[in-house]
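> Residue-level listing of the chains:
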Amino acid sequence: MKIDEVLCTACEQCIPYCPMGAIFLEGDMVKISQDECVECDICRRAGVCPVDALYQPELKWPRTLRSAFSNPLVSHPDTNVPGRGTEEMKTNEVTGRFRRGYAGIAVELGRPGTGARFYDVEKVATACAKLGVRFEPANPVTFLMEDRRTGKLRPEVLNEKVLSAIVEFDLELQKVPEVLKALKEVAKEIDTVFSLDLVCRAEPDGSLPTVDAAKSAGFEVSLNGKTNVGLGRPLKEDG
Amino acid sequence: MTHSLHRRGTEENLSNDYIVFAIAAQGINADGASAKFARFAEVVEKYEPVSFGDMKTGNVFSVGMEEIKKNFKDNSIVHAVFTDPDVVAEVLKELKEIDLGLSIVVSGLLEPVDRCCRQAGTPRHTVEHSLGIWGRTETLPGEKVLEVSTMCGHGMVAFGLVEEMVDRIKAGTTTPKEAALELARQCHCGIFNPVRAEKLLASMGK
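Which chain is which? The protein sequence lines are A and B, in order.
Start counting the first sequence at 1; every next residue gets the next number (the numbering used here).
Start counting the second sequence at 240; every next residue gets the next number (the numbering used here).
Do not take every clue at face value.
Listed next, the in silico DSS-like pairs over lysine-lysine satisfying Cα-Cα at most 25 angstroms (straight line) [what the hints assert, rightly or not]:
1. A:Lys236 x B:Lys335
2. B:Lys416 x A:Lys236
3. B:Lys332 x A:Lys236
4. A:Lys31 x A:Lys2
5. A:Lys123 x A:Lys152
6. A:Lys123 x A:Lys188
7. A:Lys184 x A:Lys236
8. A:Lys215 x A:Lys236
9. B:Lys285 x B:Lys416
Partial pick of chain B residues on the chain A-facing surface, computed with a CB cut under 7 angstroms [said to hold, decoys possible]:
10. Gly360
11. Arg363
12. Val366
13. Ile408
14. Lys409
15. Ala410
16. Thr412
17. Leu420
Honestly, the hints are just simulated from the structure, not real lab data.
Using N, Cα and C, we set each Cβ at its ideal position, and we do this for glycine too.
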């Protein structure tokens with residue numbers, strides 16, 4: 001995002017709308033740090049600029065990643081899914097992505113409200129890859145990997161900053177504690193935050209095996225969460 | 240992904256916060272889904288959600304209901320926010336009856352949601368928990384700000400904007416309700432709960 005300096009009246013109305021704190025007053029001018037801006041477009045879309053001084057220039061690769069990962073109205077070209085670009089458990093009864101005996105883990109770097117560079121995304125991905133996880137193929141971060149066995153990302157993207165990006169994979173249920181402990185360790189090496197999710201298929205009695213797996217690794221599970229109620233069709237056979 | 244997960248809060252202040260949304264699986268059942276989203280919208284609208292939105296278009300506070308209804312796409316993700324789990328159970332019952340074939344997900348306190356599912360005859364299929372925030376958590380604002388801002392899972396409600404709204408409430412230049420609606424406007428997909436936010440902001444603005 002850029003500001004037309006001729007039009008801008010430095011009223012500062014846009015400043016609090018930026019999730020990254022990238023808009024600032026310098027002297028009598030309002031400016032946007034191009035290094036910190038994640039191209040989420042919220043400052044412009046909020047419609048608070050009285051003179052329409054905010055404008056979106058055409059983005060070029062790899063900066064286009066900022067918009068794809070940060071603006072929820074933009075669908076990821078690789079998955080056709082808006083938002084962070086992945087369906088994960090939302091459609092599990094149709095895709096069969098997470099089966100009984102397995103779990104899904106998603107590590108959303110930069111969330112909440114902090115942003116992340118892809119070099120930190122790579123740190124998490126490589127730590128998990130060492131434990132033999134299977135990265136979700138229909139996930140935009142997986143598309144950026146030059147090697148899915150190692151979790152290494154394409155070098156030209158590493159310094160790009162996005163509002164958040166999700167490292168997503170599935171694994172055997174018994175591996176969950178080991179991977180969660182590894183995530184606790186890699187969390188000490190990154191320069192941002194991540195929000196962590198754990199997914200499983202409910203058992204026939206409604207119980208959730210991931211709860212005990214998380215607790216055994218020293219994690220508390222949230223009181224709230226997401227429940228897919230299984231109404232999607234065609235229904236994938238259980239397994 | 241996960242846009243409605245990771246809402247921070249206590250059991251008490253999350254007790255009026257339930258999101259029901261519909262999504263199609265790309266490459267499997269998404270062809271022609273736009274008409275099904277329209278039908279989904281008709282159903283949930285009857286139950287008077289406190290917010291509504293489509294990730295492809297915007298929310299009821301930013302672009303309005305009619306604009307959303309005119310623009311459903313096959314890769315839409317359509318959301319309605321409710322404050323009462325009994326209403327959610329009724330919504331689920333009706334969605335089960337009309338059998339759209341879209342995936343339906345409910346976000347909220349898991350025990351009440353489980354009860355809703357049982358009441359509606361739609362047992363839970365897959366469940367996702369949050370395991371919290373890790374890494375440089377010292378850079379985050381206080382928990383009260385997070386409780387408000389995390390209601391937009393795409394990060395469109397800036398921490399600084401929440402703090403600005405609280406300052407305005409304290410200064411008497413806006414009300415908690417007006418502030419909640421201004422924040423809700425930023426959350427494109429419409430999952431920000433303005434009723435819950437109003438209560439939280441009123442408490443913060445005292």
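> Hint check: is the beta carbon of B:Ala410 less than 7 angstroms from a beta carbon of chain A?
Hint on B:Ala410: violated, closest Cβ of chain A at ~14 angstroms, above 7 angstroms.
> Taking 25 angstroms as the top limit, are the C-alpha atoms of B:Lys416 and A:Lys236 close enough?
violated (44 angstroms)
> Would you check the hint for A:Lys184 and A:Lys236, treating anything up to 25 angstroms between C-alpha atoms as holding?
Given that 25 angstroms is the threshold and the Cα spacing comes to 34 angstroms, the pair is violated.
> Hint validation: B:Arg363 versus chain A, beta carbon distance must be below 7 angstroms. Holds or violated?
Since the shortest Cβ distance to chain A is 5 angstroms, the answer is holds.
> Holds or violated: is there a CB of chain A closer than 7 angstroms to the CB of B:Lys409?
This hint is violated: B:Lys409 lies away from chain A, its Cβ roughly 15 angstroms from the closest one there, beyond 7 angstroms.
> Mind checking the CB of B:Val366 against every CB in chain A and telling me if the closest is under 7 angstroms?
Hint holds; B:Val366 Cβ to chain A Cβ min 5 angstroms, cut 7 angstroms.
> Please verify whether A:Lys123 and A:Lys188 have alpha carbons no more than 25 angstroms apart.
holds (11 angstroms)
> Does B:Lys335 sit within 25 angstroms of A:Lys236, going by the straight-line distance between their CA atoms?
Holds: A:Lys236 and B:Lys335 sit about 17 angstroms apart, inside 25 angstroms.
> So, B:Thr412 near chain A? Judge it on the closest CB pair being under 7 angstroms.
violated (14 angstroms)
> Starting from A:Lys31, check that the Cα of A:Lys2 is at most 25 angstroms away, please.
holds (8 angstroms)
> Taking the least C-beta to C-beta distance, is B:Leu420 closer than 7 angstroms to chain A?
Violated. Min distance 13 angstroms.
> Minimum Cβ distance from B:Ile408 to chain A below 7 angstroms?
At about 14 angstroms, which exceeds the 7 angstroms cut-off, the nearest Cβ of chain A leaves the hint on B:Ile408 violated.
Of the numbered hints listed earlier, those contradicted by the structure are 2, 7, 8, 10, 13, 14, 15, 16 and 17.
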